[in-house]
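There are 2 protein chains.
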Amino acid sequence: MKQNAFYAQSGGVTAVINASACGVIETARKHSDRIGKVFAGRNGIIGALTEDLIDTSKESRATIAGLRHTPGGIFGSARYKLKGLEENRLEYERLIEVFKAHDIGYFFYNGGGDSMDTAHKVSQIGKKLKFPVTCIGVPKTVDNDLPITDVCPGFGSVAKYVAVSTREAALDVASMAKTSTKVFIFEVMGRHAGWIAAAAGLAGRSSADAPHIILFPEIPFDERAFLERVKRCVDGYEYCVVVVSEGVRNPDGGFLAEAGTRDAFGHAQLGGVAAAVAALVRDRLGFKYHYAIADYLQRSARHIASKVDVEQAYAVGRHAVELALGGKNAVMPTIVRRSDSPYRWTLGHVALSRVANREKLMPRSFISRDGFSIASACRRYLQPLIRGEDYPPYRDGLPRYVELENIAVPRRLPENFMLR
Amino acid sequence: MKQNAFYAQSGGVTAVINASACGVIETARKHSDRIGKVFAGRNGIIGALTEDLIDTSKESRATIAGLRHTPGGIFGSARYKLKGLEENRLEYERLIEVFKAHDIGYFFYNGGGDSMDTAHKVSQIGKKLKFPVTCIGVPKTVDNDLPITDVCPGFGSVAKYVAVSTREAALDVASMAKTSTKVFIFEVMGRHAGWIAAAAGLAGRSSADAPHIILFPEIPFDERAFLERVKRCVDGYEYCVVVVSEGVRNPDGGFLAEAGTRDAFGHAQLGGVAAAVAALVRDRLGFKYHYAIADYLQRSARHIASKVDVEQAYAVGRHAVELALGGKNAVMPTIVRRSDSPYRWTLGHVALSRVANREKLMPRSFISRDGFSIASACRRYLQPLIRGEDYPPYRDGLPRYVELENIAVPRRLPENFMLR
Chain W
1 MKQNAFYAQS GGVTAVINAS ACGVIETARK HSDRIGKVFA GRNGIIGALT EDLIDTSKES
61 RATIAGLRHT PGGIFGSARY KLKGLEENRL EYERLIEVFK AHDIGYFFYN GGGDSMDTAH
121 KVSQIGKKLK FPVTCIGVPK TVDNDLPITD VCPGFGSVAK YVAVSTREAA LDVASMAKTS
181 TKVFIFEVMG RHAGWIAAAA GLAGRSSADA PHIILFPEIP FDERAFLERV KRCVDGYEYC
241 VVVVSEGVRN PDGGFLAEAG TRDAFGHAQL GGVAAAVAAL VRDRLGFKYH YAIADYLQRS
301 ARHIASKVDV EQAYAVGRHA VELALGGKNA VMPTIVRRSD SPYRWTLGHV ALSRVANREK
361 LMPRSFISRD GFSIASACRR YLQPLIRGED YPPYRDGLPR YVELENIAVP RRLPENFMLR
Chain R
1 MKQNAFYAQS GGVTAVINAS ACGVIETARK HSDRIGKVFA GRNGIIGALT EDLIDTSKES
61 RATIAGLRHT PGGIFGSARY KLKGLEENRL EYERLIEVFK AHDIGYFFYN GGGDSMDTAH
121 KVSQIGKKLK FPVTCIGVPK TVDNDLPITD VCPGFGSVAK YVAVSTREAA LDVASMAKTS
181 TKVFIFEVMG RHAGWIAAAA GLAGRSSADA PHIILFPEIP FDERAFLERV KRCVDGYEYC
241 VVVVSEGVRN PDGGFLAEAG TRDAFGHAQL GGVAAAVAAL VRDRLGFKYH YAIADYLQRS
301 ARHIASKVDV EQAYAVGRHA VELALGGKNA VMPTIVRRSD SPYRWTLGHV ALSRVANREK
361 LMPRSFISRD GFSIASACRR YLQPLIRGED YPPYRDGLPR YVELENIAVP RRLPENFMLR
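Protein sequence lines, in the order shown, are assigned to chains W and R. Note that the working numbering has the first sequence beginning at 1, numbered continuously upward. Note that the working numbering has the second sequence beginning at 1, numbered continuously upward.
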């Protein structure tokens with residue numbers, strides 16, 4: 001029995017989420033005896049709810065292959081979390097209705113912990129409504145906070161971007177420190193987890209190398225210890241490079257950014273922890289400082305993607321289809337580490353119920369005793385994930401990222417669905 | 001008569017200033033019949049004043065070759081401007097004294113407009129003190145604000161970084177706009193000149209493409225027109241990408257960053273124009289926003305350097321030595337454009353007096369009539385400068401940037417020199 005598949009991207013996008021889409025679509029095409037067309041949700045799950053589907057079968061083989069090197073979410077993603085089955089039964093029923101109308105028997109949901117929860121619930125409701133759908137989660141998050149899998153596709157490339165940028169900016173700061181900036185602060189993403197900040201630690205080898213200080217969300221900010229460390233560093237090396245995670249918190253649990261800097265209108269700044277740390281350095285130590293905020297640049301930087309990450313992102317997409325065809329349901333492919341060096345990994349899978357809504361923070365053993373740098377176990381873990389370069393093709397000095405024909409699947413349902 | 005050479009880096013460093021150093025040193029080594037050793041100033045001109053010289057002859061051929069792909073200023077740079085001859089005769093005399101002590105007959109000064117002025121003055125004072133020194137400026141500035149030369153080495157690589165990053169981040173924002181960030185603001189460098197901001201314009205082709213708005217220092221900020229444009233853009237495309245130059249000014253001439261955001265302590269933020277623009281978007285339009293500040297990342301991003309820029313940086317270093325050996329003095333090599341497409345360039349030179357302390361802003365004809373994007377003449381000018389990739393070698397996922405042996409030249413002068 002041949003059925004169509006539905007694929008959607010969810011939450012914050014990454015430099016390699018389209019590589020997973022490529023893995024799903026190319027593998028589905030190879031099994032055209034069992035999978036009909038792959039429909040993608042325009043703007044993620046919203047596309048399913050509103051019956052706004054993109055027909056990927058209308059895209060050329062070259063375009064689909066080009067997804068492997070194109071950052072962002074090519075079909076559009078959404079921050080739209082389906083609530084519990086009881087609270088929001090209508091939405092789940094609507095999904096099944098749309099799937100039924102388009103004969104969709106496979107649901108591939110490419111996202112983080114929230115999305116794994118949604119995929120899990122869709123598999124349950126399908127059964128109840130007598131339209132069983134094979135639901136496979138495809139892991140993705142730059143925050144690297146999904147449990148069980150060795151790593152989340154998307155993370156390795158941010159890690160590489162952050163490590164490379166830290167090394168490069170540090171060379172700049174070191175050159176100029178005699179007469180200019182002494183303290184350079186680099187703000188990175190990661191929400192509650194310090195994985196991205198930790199990756200900056202790969203830029204240096206010894207304590208003299210940048211980054212000299214990493215501020216993790218897992219370690220409450222100790223202002224006195226921090227300022228002492230900055231001063232010691234400037235005294236010893238003439239400059240100090242600080243990497244700060246956006247999620248760093250004060251000992252009272254509040255975000256550091258909220259405590260420090262406010263704008264002229266009295267609002268706490270969003271994503272402004274670098275400015276707060278910089279103000280502290282200026283006011284308490286008087287050093288000249290600069291700060292960078294990578295923001296979306298870090299998670300879209302396909303030009304400096306990790307080859308390992310691209311391969312893994314493709315592999316989980318491919319394996320999601322293989323699992324579905326192998327009769328698995330409500331599972332997510334995982335990366336299983338076999339060895340650190342040389343890095344060897346295979347694919348496994350895990351029940352969605354075991355990964356849904358769980359957040360993997362950095363273990364304390366991955367952070368140095370003083371809380372300001374990565375421990376050797378962390379370096380061993382991170383090192384292989386940034387390995388290899390996988391450059392996109394260029395034209396006229398710019399990467400050639402693909403664009404879709406973007407042809408919509410004709411609607412089959414009479415009514416529009418109103419989103420919350 | 002064989003004499004030694006002195007080379008120093010000055011002002012803000014770039015991703016390719018060391019490629020110019022490579023060009024100077026490799027070319028000097030080829031002419032060992034006429035040039036003895038190349039001494040480099042540790043921390044730029046400060047190294048000359050304090051007789052703190054690095055003996056580059058102690059560096060291996062591989063290390064010197066590796067400078068071509070290593071960002072930052074390998075010998076250290078300095079923000080240290082020698083004043084006028086009358087005000088600060090002592091410093092000029094000291095330079096000549098150090099040059100004399102080390103038999104330095106060639107002075108290669110790698111910097112921007114200020115440095116060209118210094119090199120010019122050194123050539124004058126040398127003559128007066130009966131120790132003539134051949135002084136050649138080597139152009140360098142990411143701001144691209146030196147006159148006469150087609151482009152300043154360092155600029156092409158920042159331009160490429162900014163264009164690539166804008167294209168990538170825009171794909172991210174476009175993916176998520178339905179339910180998340182509507183306005184993305186990207187702050188770039190450039191001081192009083194809009195060249196770097198203009199380079200972001202290469203990321204798009206049509207008015208629907210990002211960046212939708214560029215804020216140039218050359219165009220006084222028109223708040224109403226800006227907000228209208230942002231709104232129109234979000235209405236039309238669902239998102240808006242704004243690139244803002246750090247040097248943007250209000251109609252009254254003050255920096256925009258000073259007018260807007262202040263931190264909790266009442267200080268105006270440095271380099272915080274993105275936050276000011278973001279606050280405006282939030283308070284007047286209520287759109288969800290994000291902002292990135294590339295800061296030093298943009299000028300150290302050797303990993304995404306422009307091949308044309310690397311070649312030009314090397315070529316001006318090489319040509320500086322050739323000019324010196326050809327009997328020229330008080331000149332700077334220039335890049336001369338022969339054609340736009342295909343881009344053809346040759347080397348020329350200009351008297352230092354003609355480039356010293358002059359700033360080349362964007363001509364008005366390079367900016368669209370509405371002041372928010374680049375005109376086609378600007379695109380024609382910029383396009384070739386970001387052409388080609390010139391990737392550094394990698395090891396373990398990180399670029400292999402070289403380090404020096406860093407061996408000091410033994411001092412020959414008895415007294416220390418006290419810097420101002």
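Hints in this document: simulated from the structure, not taken from any laboratory. One should not assume that every hint holds.
Copies of the same chain are indistinguishable here, so a pair counts whether it falls within one copy or spans any two.
[To be verified] DSSO-like mimics (lysine-lysine), calculated; alpha carbons at most 27 angstroms apart, straight line:
1) K307 / K288
2) K81 / K178
3) K360 / K30
4) K360 / K231
5) K81 / K288
6) K2 / K81
7) K130 / K83
8) K231 / K128
9) K2 / K178
10) K83 / K30
11) K58 / K178
12) K307 / K178
13) K288 / K127
14) K127 / K231
15) K127 / K178
State the violated hints by number, sorted upward, taking the hints as numbered earlier in the document. The structure breaks hints 1, 3, 4, 6, 8, 9, 10, 12, 13, 14 and 15; every other hint is satisfied.
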